[in-house]
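*Asks:* Now for the letters of each chain:
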Amino acid sequence: MKHFVLFVTVVFIGLSLALLNRTNQGGDLAAVPILRVFGYSTFTGRWGPGPLLKASFEKNCKCKVEFIEGSDSGILLQRLRIEGESLGADLVIGLDQFDLSKAMSEQKWRNLSLGKLDTYEAVRPAFSGAYFVPYDWGQLSFIARKEGSSHFPSKLDELLLPEYRKKLALQDPRTSSTGKQFLFWVLDAKGEVQGFKYIEALMEQAHSFSPSWSTAYGLFTSKQAAMTFSYVTTPLYQEIEEKKKEYLSLKFEEAMPVQIEFMGIPDFCRNCELASQFVNFLLSSEGQKIIMEKNYMFPVVKGILEKSPFAAILPAKNLQKFKVPPTSEVERVLKRWTDIRRNTLN
Amino acid sequence: MLISFFESVKYVGHLLPISFLRIFLGYYYLEHALQKFRGDFLTRPRIADQIAEWLPTSHAPQWFKIFASSQMIPNWQTVAFIILGVEFAVAFSYILGYVVRPVALLGVLLCLMMLFISGPNHEDLFKTFLAIHFIMAWVGAGRCLGLDYYFFKRRRGIWW
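Protein sequences appear in the order of chains A and B.
Going left to right, the first sequence walks through residues 1 to 346 as my numbering numbers them.
Going left to right, the second sequence walks through residues 1001 to 1160 as my numbering numbers them.
In isolation and in its complexed conformation, chain A is listed as follows (with noise of 0.2 Å):
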């Protein structure tokens, strides 16, 4: 007994030890203050917006940023809400609409100051709120394949014809931002009655119900499943990063769902004047170019885009309005469906 408690205190002596060798090398990083923003990790990834956002922004501003990864933007809240201060974060990268509401109930934030913005109309009541601001946005549709089909649906209603039956593959909207898009694009455009009643109908003709929209589109990719719910910019992104032609988006005759997220500064902050300096650098022409190319996202601010790829795929009508649902109704619906799938199941 005396041999174990000896060997595992001089593992954990020689293990402090080298740690704090360590920690003295990198002392010169001490004086400088450190920015540190928490988000998902597409965005902070390596292939995501944060990488060249981080080595523009500490350019000028003589700090470091440090990303402090959360995998999935469903898990930020929990992630806040769990860690609280602790978590170190001195803004908050990636919420979107459904989960404002249940931000601003479960975290306090701070007031934020932008300057003039000339922004898109579907974007601009977005800004009306003190403690929010969105940083891009996104359409969402069907995403199918170019060939072996001469016709698409072109109405919610067309989705259930028997030729699509088992090929949808669509996101659980408990877990998925794109799942609740999905669900309560269907609510709005049909009324919560029918909607539902068409969410049954629709169980049969899906091919699975993924945790995250990386899985399901991984399931059409691979040829699976005929069509996924994803942006409307995913053809361009197969385009251009994968050199793949054969996908298209799909226009509906409903108003199609818009996804925006946001980003805002916790009231426990350490370094808030410097959130405040990145939450405007993002939302500067630099800063929403390098959202737009790695997120493959629209820009907020207007004279972005204009001469690039996105232009062409930019909807200007026939979008849904801007809303934000309170918590109890999104919990509400959210029961609805988990009862409707379980009675598929069994």
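Please keep in mind that the hints were generated in silico from the structure rather than gathered at the bench.
Keep in mind that this is a model prediction, so the values were computed, not measured.
Note that the Cβ used here is the ideal one computed from N, Cα and C, for glycine as well.
Fair warning: there could be bad hints in the mix.
As the list claims (entries may be wrong) - Lysine-lysine pairs mimicking DSS-like chemistry, simulated, CA-CA at most 27 Å apart:
| no. | chain 1 | residue 1 | chain 2 | residue 2 |
| --- | --- | --- | --- | --- |
| 1 | A | Lys2 | B | Lys1153 |
| 2 | A | Lys102 | B | Lys1036 |
| 3 | B | Lys1036 | B | Lys1127 |
What the hints assert, rightly or not - Going by beta-carbon spacing under 8 Å, a handful of chain B positions derived as facing chain A:
| no. | residue |
| --- | --- |
| 4 | Glu1031 |
| 5 | Leu1034 |
| 6 | Arg1044 |
| 7 | Ala1052 |
| 8 | Gly1085 |
| 9 | Ala1089 |
| 10 | Phe1092 |
| 11 | Ser1093 |
| 12 | Tyr1098 |
| 13 | Pro1102 |
We have chain A already, so just place chain B on it with the hints.
*Replies:* Chain B alone, transformed into the frame defined by chain A:
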């Protein structure tokens, strides 16, 4: 001590296959611990993220869920440090064959915890490791090709 190390093959040779498994597992743990040490495991709240993500769907008992969300997530730095320390301890112990029995019990506890806070993708891996640590502790795997044989010869007892 060196003589005992090799002499053990002669007297507890039946444990030789399990000793290779022990050394392989030690190397595996060392590789992973070094990866975590060189990476950002201690500086970024990856473990807190993992707990927050998987705890709600975990099969862990309720008391563990309460403990994890109230203590482990806010003190993720300490948790990350302890996990890394235990991984290094398992690695060195298994490679050297020193205090393998009690360290294997630490390994069992570590695997149980990881089983509770990891997603279904890792469930099978941690269950397998759990069984291996348990067997290491049961047979006293440090007695063959390990320093434990030297102490076992002189002191006997259940710890070697």
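*Asks:* If a hint holds in the structure, say so; if it doesn't, say that too.
*Replies:* We went through each hint and held it up to the structure:
1. Lys2(A) - Lys1153(B): Measuring from Cα to Cα gives roughly 17 Å; hence the hint holds.
2. Lys102(A) - Lys1036(B): violated, 34 Å
3. Lys1036(B) - Lys1127(B): Cα-Cα ~21 Å, so holds.
4. Glu1031: violated, 16 Å
5. Leu1034: violated, 11 Å
6. Arg1044: holds, 6 Å
7. Ala1052: Constraint on Ala1052(B) satisfied, holds at 5 Å.
8. Gly1085: Given a least distance of 5 Å, the restraint on Gly1085(B) holds.
9. Ala1089: holds, 4 Å
10. Phe1092: holds, 6 Å
11. Ser1093: holds, 7 Å
12. Tyr1098: holds, 7 Å
13. Pro1102: Given a least distance of 4 Å, the restraint on Pro1102(B) holds.
Figure legend: structure checked against the earlier numbered hints; hints not met, in rising order: 2, 4 and 5.
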